[in-house]
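Chemist: Protein chains in written order, with the numbering used here: chain G, 57 to 428; chain P, 57 to 428; chain B, 57 to 428; chain W, 57 to 428.
Please note: incorrect hints may appear among the correct ones.
Treat identical chains as interchangeable: a pair holds within one or across any two.
Said to hold, decoys possible - Below are the EDC-like pairs computed for lysine to aspartate or glutamate, each with C-alpha atoms no more than 16 Å apart in a straight line: (1) Lys204 <-> Glu161; (2) Lys65 <-> Asp186; (3) Lys387 <-> Asp212; (4) Lys390 <-> Glu213.
Hints are computed from structural coordinates only; laboratory data are not their basis.
4 protein chains.
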Amino acid sequence: MKEIPKKSKAAVLVEYGKPLQIREYPIPEVEPRGILVKVEMAGICGSDIHQWHGRAVMNAPLPNIPGHETIGRIVKLGEGRTHDAAGEPLSIGDRIIWPHVDCGECYWCKITRQPTMCAKRTLYAFRCCDDYPYLMGGFAEYEYLIPKTEVVKVPDELTEEEAIGVGCAFRTAVAAYERLGGIGIQDDVVIQGAGPIGLYSLLLAVEGGARKTIVVGAPQARLDLARRWGAHHVINIDEILDPTQRRDQILDLTNGRGPDVVVEGSGVPAAFSEGLEMVRKGGRYLIIGQTTQLTIPIKPSTIMNKGLDVIGSASASIPHFYKALQFIRTKRAKYPFADVVTNKYSLERANEALANMEAGKEIKPVIDNRGR
Amino acid sequence: MKEIPKKSKAAVLVEYGKPLQIREYPIPEVEPRGILVKVEMAGICGSDIHQWHGRAVMNAPLPNIPGHETIGRIVKLGEGRTHDAAGEPLSIGDRIIWPHVDCGECYWCKITRQPTMCAKRTLYAFRCCDDYPYLMGGFAEYEYLIPKTEVVKVPDELTEEEAIGVGCAFRTAVAAYERLGGIGIQDDVVIQGAGPIGLYSLLLAVEGGARKTIVVGAPQARLDLARRWGAHHVINIDEILDPTQRRDQILDLTNGRGPDVVVEGSGVPAAFSEGLEMVRKGGRYLIIGQTTQLTIPIKPSTIMNKGLDVIGSASASIPHFYKALQFIRTKRAKYPFADVVTNKYSLERANEALANMEAGKEIKPVIDNRGR
Amino acid sequence: MKEIPKKSKAAVLVEYGKPLQIREYPIPEVEPRGILVKVEMAGICGSDIHQWHGRAVMNAPLPNIPGHETIGRIVKLGEGRTHDAAGEPLSIGDRIIWPHVDCGECYWCKITRQPTMCAKRTLYAFRCCDDYPYLMGGFAEYEYLIPKTEVVKVPDELTEEEAIGVGCAFRTAVAAYERLGGIGIQDDVVIQGAGPIGLYSLLLAVEGGARKTIVVGAPQARLDLARRWGAHHVINIDEILDPTQRRDQILDLTNGRGPDVVVEGSGVPAAFSEGLEMVRKGGRYLIIGQTTQLTIPIKPSTIMNKGLDVIGSASASIPHFYKALQFIRTKRAKYPFADVVTNKYSLERANEALANMEAGKEIKPVIDNRGR
Amino acid sequence: MKEIPKKSKAAVLVEYGKPLQIREYPIPEVEPRGILVKVEMAGICGSDIHQWHGRAVMNAPLPNIPGHETIGRIVKLGEGRTHDAAGEPLSIGDRIIWPHVDCGECYWCKITRQPTMCAKRTLYAFRCCDDYPYLMGGFAEYEYLIPKTEVVKVPDELTEEEAIGVGCAFRTAVAAYERLGGIGIQDDVVIQGAGPIGLYSLLLAVEGGARKTIVVGAPQARLDLARRWGAHHVINIDEILDPTQRRDQILDLTNGRGPDVVVEGSGVPAAFSEGLEMVRKGGRYLIIGQTTQLTIPIKPSTIMNKGLDVIGSASASIPHFYKALQFIRTKRAKYPFADVVTNKYSLERANEALANMEAGKEIKPVIDNRGR
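Whenever a hint applies, use it, and build me the whole structure from the sequences.
Modeler: Put into structure tokens, the structure is as follows:
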């Protein structure tokens, strides 16, 4: 392994809506239990586009280094950091992945044991990078993991393309699926949205025992991947514009009763009212894609009269990262996991990656530092 | 017991918005497993007012005999009907209570085992009373229970005033509480609405292990009963008109975090958005009072970002009637259950009862046939 | 379809331990909602051997017609019987399958809603066949289904060999899996026993999201089928006789922690203590194969100190039949379901089938009436 | 507050079965996040007797300072230790209570999120007290809490007598009750054992919605307290020696069906087989009192054929301490919590306390340091 430099380049969001700038930041000393990684690959998430334009639910302070779904290769291990969260030994050169950092002290961390609800989470990529320790985002050559960060090793046999989705969409889907309590034997499942969250939710439904899976989304390239990942049916919302027509099609596919489970992974508020109308009486509805603050009119009586369970889930914790990686490891012969990565960009071309993502040309583009 | 007459008087809804008329209908022959009861008491429910004006979610065909929460005294038992649902023997003279009738044949009855979602329920009080067997509503001297009806005996020690709420609001609250999975040890619970559904939900929270119970509703008489039934705090919405102020008060009472559980029992769509804002992150929200078809704008992202469980529940089945009766039987020394009945009217004064209910002068008025 | 004869042949258990005798019984009139079927195939279950020798937990009265897992073809439909439990229309010539008959009246049927615990179930194959309606077992040309029997159609595309296991082992596994609450994402699962219950449990684990499945059983032919049905590992108890050695092997396969879930489907009491030792701390243990009354010494402290969930499940209801059939219908391209049937015998050779089953030469032998 | 001395007296177990000796140990420096407390009260647990005689499941190394259920008053707070687990500020003089210390690193702490199953817990009172930091047991004047220890404040209005049971028996019952998923509305509950674990389990059943609670135990003084804590029935096992007779009595009290829930809190292995026979078909059985390694013969088929959930639970985590304290705080006007403390001894009389406990003369004796 190369010598560790004094500074790291990073693609920095300096002003909302303006191109990221390549800047250099000092690489910090590694504290006990801290970790320094060389970034191997940093995924670009739909929410990065909102963040770029300053219209996210929670805007990061400026300037900051985006990139919250990152695979890093360990270059320095702080004292006392010997194993990953699953008990595997950690060494220089191992590839790892990590969640945001729960405070471990608040009511949600201590008493209700719902750490994703932590009142004081430290979020990677949502930090001012002029402040120590500077390098806490993935759009960089190096990234620093603070001592409280939980990490899990990426199994050796996995490529970065296969594993990168674990950093955000897949672990979110895994955590949500656990909140749901899993899919019942032979449940019919509709997934709203064909982006990474929708696609990974599809996989969990297919492998979790669904009878029929139906993905409702666009564009066609995403739906094509959905088919390769096991979807029994896809409905292209660019072609079938009328929600009532979509619902009728879904009712036809589900014996006239509607799906047992609907997973909202679309990010569109209107999907919620569409899903409430579509799910069968007595069914379950998982909400995991709503990243905006927009409102939508709904009938609360529908939730009551249909006897629904509507379950919200956001973010995830280290067990979900671990399980997502295990899932890929055991199913990689079966599904082309790497196909979620539609393009690779150098750090210097980060703006191009964001632009193509925004233009709908990508499923998941990545910053690829592997040659670096 | 008196001889059974050939005909029964009933207060009949002939035209929406017009006074009920006293009419007479033939008392039908009792089929095998059917039951004929003398109506002892028939409760008046908030939904009866909507029904009266023809603005209910589901309007009954005209003419019909209202009254879906009824205590009847058995006057004739059809062949083969020997025991109630809990295995107690049935005899002439026993008082009983009963739910709507599930078809027992549909996908929800047979496969998903969610009988309250039954696709073809036969609903008491929602039948044209010109059609055989005529007497399927409680606003009458006699009522006929069809063979498939499940029934449970009212324990001898209970008065009709204590038990009448079981027929609708209390069994609804019991079924909902089971869907919720109960109250956690020392959960803080807010109940929206101080009508019968809110009040019985309060009792279940108090007796189910809540730390703090807060009832939000009006008018004061209902809140006073809520206090007698164990509410730790009440908030009068006629006095505190601003939802934000109510929410602040609730946050003050719940360590700034909001309640662990909110139960919507108000019937007002706006309560849903108020509840979503109020419930703590990671909390649970039970929707059981929404009887209108009205819409309300909400942020779906709130359900997701707070990681909520939103659980809808409507109606109930025979186990919930049984458990509600057992609850009253075992707690009657502790709570003045009869106080829910604020007035008793003769069958001939049914219109007066409806008018006073509509005017907000009552919690639960009843048609009292006991002297008859 | 041929004309319905007046009498049906049946293989009858007249005396425990003696060969079944071929006798003839009158075919009864079909009551409203009753059904007469021509038996197409009748499976032989391990418990039939215990029954044959009069050493079952619950011995049937003599004489009786064995056969509780049967596929019948409808030859006569009683009045009012128009649809199956899933709402599909029923016609003469359809193949159906059915569970034992819950009383629908007892505390478990009505109040706790646990119909498999019904206090007064009518069990097919556990009836004296000298009593009307005589033909209530599968080892016969015709079988009569009483009016309360719930039935579900066998999908047209399924062969009898594929579907026959639904009648007992598979529906049992489905019901148990629901009691368990499903397999967690990437759980490691050990199945004790490689007979039909073990094999179908394996399928549910594989298709329900297990990481690793390990089947512990014998003889090799069953383990070979387990491999074809997706088992990742098999342990032959005829080769590894020492439970400690088996446990060590399983610990090696499960990161030294033991499996997250153990399913007991072996029928051997000693498997219970072996499983308690093997399951990981905080794991779950499903007990579904214990058909004897024998005792075994265990340490109750193991259940406590390991923080286990030990879940018993017996028999099943109509939804589980339906889901098992749907499972086969949707996965038949993937698994050789028919391989569970290792031999087919004519009704006249029923004794040979029992003898070969007892000798351990079969997985599931069947009485095959299809040519008849 | 007095000046902190250099040394603390402790009652030390030097040799199994021999009297504890009063020794002095150095009071250690308080590390960051460590806490030094003056012991106010230390409870004596049934397991201390086993420990004393060296026959516990897990024997502590010698010499050690017993006492794992302790209320301490803060005399020194390590740097960075500002709030308790519920977010309440901590100050010198506050009374606190604390669980054993999870490693926070193992598979159970990180991945399965079952911290009571932690592979490397640091247990108070199970440490050689010749090793730094010496004072990790409650039978002492001072006790030292290591930095990872989670603590919760004892509410000001509670006396030590009211709160002392939280340190072991009550938090165990709270954790177990959560594993059980609570008591269903109007469930009948039998508690086996009338020691502290049985008594606190009783309280949770009474306040959690049970219809009938029946405590089976001895001696009479404990059963008398059970009555004061709300038991509807008690069965004295010193008077009714035959388990069959006890079972019959319980069946009589539970409509012939048996209790919906049985809680084993007796510590006696034979209670397990008695409980399996007693619980109703389809019921639940919680195992929380089994502190020995002894075996007992049972029929695994009973678990299966009755369709039981048998749930083991051991120890607890900080949320359960918090909830137990909140429970006492909100119900102290209703129950004489302090009555569980049957005697108070000075540190110097610790041997007398142990002897009386062993002789069955006590429910919970305590070491009372408050005057010191």
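Chemist: Against this structure, judge whether each hint is valid.
Modeler: Hint-by-hint comparison with the structure:
1. Lys204 <-> Glu161: both (12 Å within a copy, 11 Å between copies)
2. Lys65 <-> Asp186: within (13 Å within a copy, 53 Å between copies)
3. Lys387 <-> Asp212: within (15 Å within a copy, 32 Å between copies)
4. Lys390 <-> Glu213: Answer is within: at 15 Å inside a copy they meet the 16 Å cutoff, but 26 Å across does not.
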